[in-house]
Amino acid sequence: MSNAKKAEPAAAAELFILHDQVHEPMHDRFLWATMQRRDAQAAAIPEWEELRELASKIKGHTLTHLDHYLEEFEANATKRGAHVHWAMDAAEHNAIVYSILESHGVKELIKSKSMLQEECQMTPFLENRGIKVIESDLGERIQQLDDQPPSHIVFPSIHKTRQDVAQLFARKIGTDPNDDDPHFLTEVMRNNARPRFLAAGAGMTGGNFAVAETGTFMVCTNEGNADIGASVPSLHIASIGIEKLVPRVEDMGVFLRLLARSAEGEPLTQYSSHFTGPRKGGELHIVLVDNGRSRRLGMPDFWHSLKCIRCGACMNTCPVYRRSGGLSYGATYSGPIGVILDPTFDEFKYSELPFHSTLCGSCSDVCPVKIDISDQIFKWRRVMAKKGYLPLVKRLAFAAAGHAFGHPEEFRLMEEVGAPALDYAPDFLLYNHSLNPWGRERQLPEPAKQTFREWYLANRSKHGND
Amino acid sequence: MGEPFDKTASLLSKVKGLVIVPVDRPDDCCGFGGTFCVTDEAVSARMGLDKVHDHLRHGAEYVVSPDMSCLMHQQGIARRADLDLKYIHVAQVLNGGPF
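Sequence lines, in order, name chains A and B.
Its first residue numbered 2, the first sequence is counted upward by one per residue in the numbering used here.
Its first residue numbered 3, the second sequence is counted upward by one per residue in the numbering used here.
Since the hints were made in silico from the structure, they are not lab data.
Treat the hints loosely; a few may be bogus.
With a Cα cut of at most 27 Å, we get these calculated DSS-like pairs of lysine-lysine [to be verified]: (1) A:K387 - A:K7; (2) A:K7 - A:K380; (3) A:K173 - A:K108; (4) B:K88 - A:K450; (5) B:K9 - A:K371; (6) A:K281 - A:K80.
Note that the structure is predicted; figures quoted are calculated from it, not measured.
Modelling step: build the complete structure from the supplied sequences, incorporating the hints.
Below, the structure is given as structure tokens:
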């Protein structure tokens with residue numbers, strides 16, 4: 002058990018909802034609209050379900066032959082002139098990156114968004130060692146200026162309104178706090194970022210896919226920021242999780258058709274760039290990172306989560322995520338995929354996450370690589386209960402519910418005694434938030450004069466169906 | 003992606019005189035989620051409220067579902083918010099009562 006403070010998503014989500022009448026509805030509406038676009042794109046492709054099946058199988062095959070494909074990737078990338086490094090965990094990843102930067106005398110670097118670098122807490126590590134790190138993705142840069150982690154893996158600052166961004170830029174860049182025109186704000190960031198690209202001694206990217214047969218990796222963005230970052234400075238470092246491997250270039254024909262459609266309801270990302278070896282006169286380093294992935298690969302119930310291509314469709318479709326905001330998960334990954342990934346890093350710290358779900362199953366339905374997300378959320382609940390991580394309130398509630406549903410005689414007795422008792426119980430008891438959270442925004446059901454069981458016994462059982 | 007199919011709606015569409023009102027989010031969860039409704043009260047209630055308003059906005063009189071938990075949750079939300087919606091199980095409609 003870790004000593005880390007438990008993430009409390011339910012309490013944090015409540016703050017997001019109660020904060021004002023603007024943020025949560027806007028967040029919910031935007032992501033719902035994104036999901037509608039995703040649905041329209043998926044419906045427009047007759048072979049959509051075949052593509053999902055194919056993608057899931059390609060990932061399944063690669064993950065079950067990962068040692069082979071990783072070595073093939075390393076050999077081919079090396080042949081094309083890239084330096085390939087292996088990092089067992091976040092600490093090793095950060096140390097490798099730092100030593101490359103240090104040996105090149107780099108004082109400032111520009112990076113595109115990378116959930117892996119986020120996972121490794123790379124930015125604070127480098128900044129503590131005197132290296133200035135600038136995010137070049139617009140949403141990530143907004144989050145960096147606000148000293149917050151990304152709240153969504155595709156739309157990092159989606160929990161903010163444009164008024165929030167205007168206020169933030171006014172504080173940090175000195176623009177007009179009342180000018181919240183998106184074109185103006187984007188232009189401000191563009192002008193602010195340009196000199197940083199030129200000043201940077203190194204560019205860092207992540208990698209969406211790594212192709213074993215060619216040693217190529219792909220970076221998909223809509224802003225082209227990764228391409229400038231990888232092309233202006235002569236030193237390019239890419240951090241890539243070992244689960245990003247695909248065997249062949251032609252596999253990209255499957256994944257690229259799924260990625261942007263699932264992520265944002267667009268046919269393709271604006272930039273889908275292949276990097277094979279360093280550019281002329283440049284230097285390319287690829288850091289392949291494990292950081293718990295091998296261990297996850299050995300978990301029979303959870304290894305399928307390694308198929309994830311980080312599209313965020315499960316977050317957009319999740320009714321709980323849409324009302325909670327990503328920061329409420331208190332973890333690198335939020336939403337349904339976060340619920341099943343985060344506990345593999347720290348079971349105790351993230352033990353409440355699997356309960357922040359209604360198990361409606363929408364995440365599994367939209368996942369482009371067919372991860373059984375909803376089933377895994379349920380399985381994580383069992384792990385948390387078994388390990389004794391549940392708070393007392395949940396333990397008692399689950400035990401009481403389990404007992405009532407497991408003993409029909411007692412359940413019926415509760416119906417008989419409980420229903421009339423409701424008539425006499427004072428409202429301050431029934432609608433006291435700490436005693437009965439149900440009653441804050443909901444009335445209790447009026448007990449039926451006749452239960453279904455009573456009706457059934459009176460009307461149907463004599464027909465011999467009992 | 004295949005055409006969405008709604009078993010309940012297809013059964014109800016065979017009932018004479020019954021009009022099915024299209025809503026904005028037919029497939030968004032109402033937020034009951036078993037113990038979730040008390041352990042995650044704020045999110046659960048907000049989901050329920052959004053659901054109830056979606057039905058109300060489109061002029062529905064009855065909300066019909068095959069799931070008692072969904073009905074109980076939404077009914078609790080609607081009654082607290084003093085909204086004029088009635089909640090019945092699909093079997094009550096197909097059986098012609100009891101109401």
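Taking only the CA atoms, is the gap from A:K387 to A:K7 under or equal to 27 Å?
17 Å, holds
Holds or violated: A:K7 with A:K380, Cα cutoff 27 Å?
19 Å, holds
27 Å limit on alpha-carbon distance, applied to hinted pair A:K173 and A:K108:
21 Å, holds
When you check the alpha-carbon spacing of B:K88 and A:K450, does it fall within 27 Å?
17 Å, holds
For the pair supplied as a hint, A:K281 and A:K80, is the alpha-carbon distance within the 27 Å limit?
15 Å, holds
Given the hint that B:K9 pairs with A:K371, test it: the Cα-Cα distance must not exceed 27 Å.
Given that 27 Å is the threshold and the Cα spacing comes to 24 Å, the pair holds.
Hint check: no violations occur; every hint is consistent with the structure.
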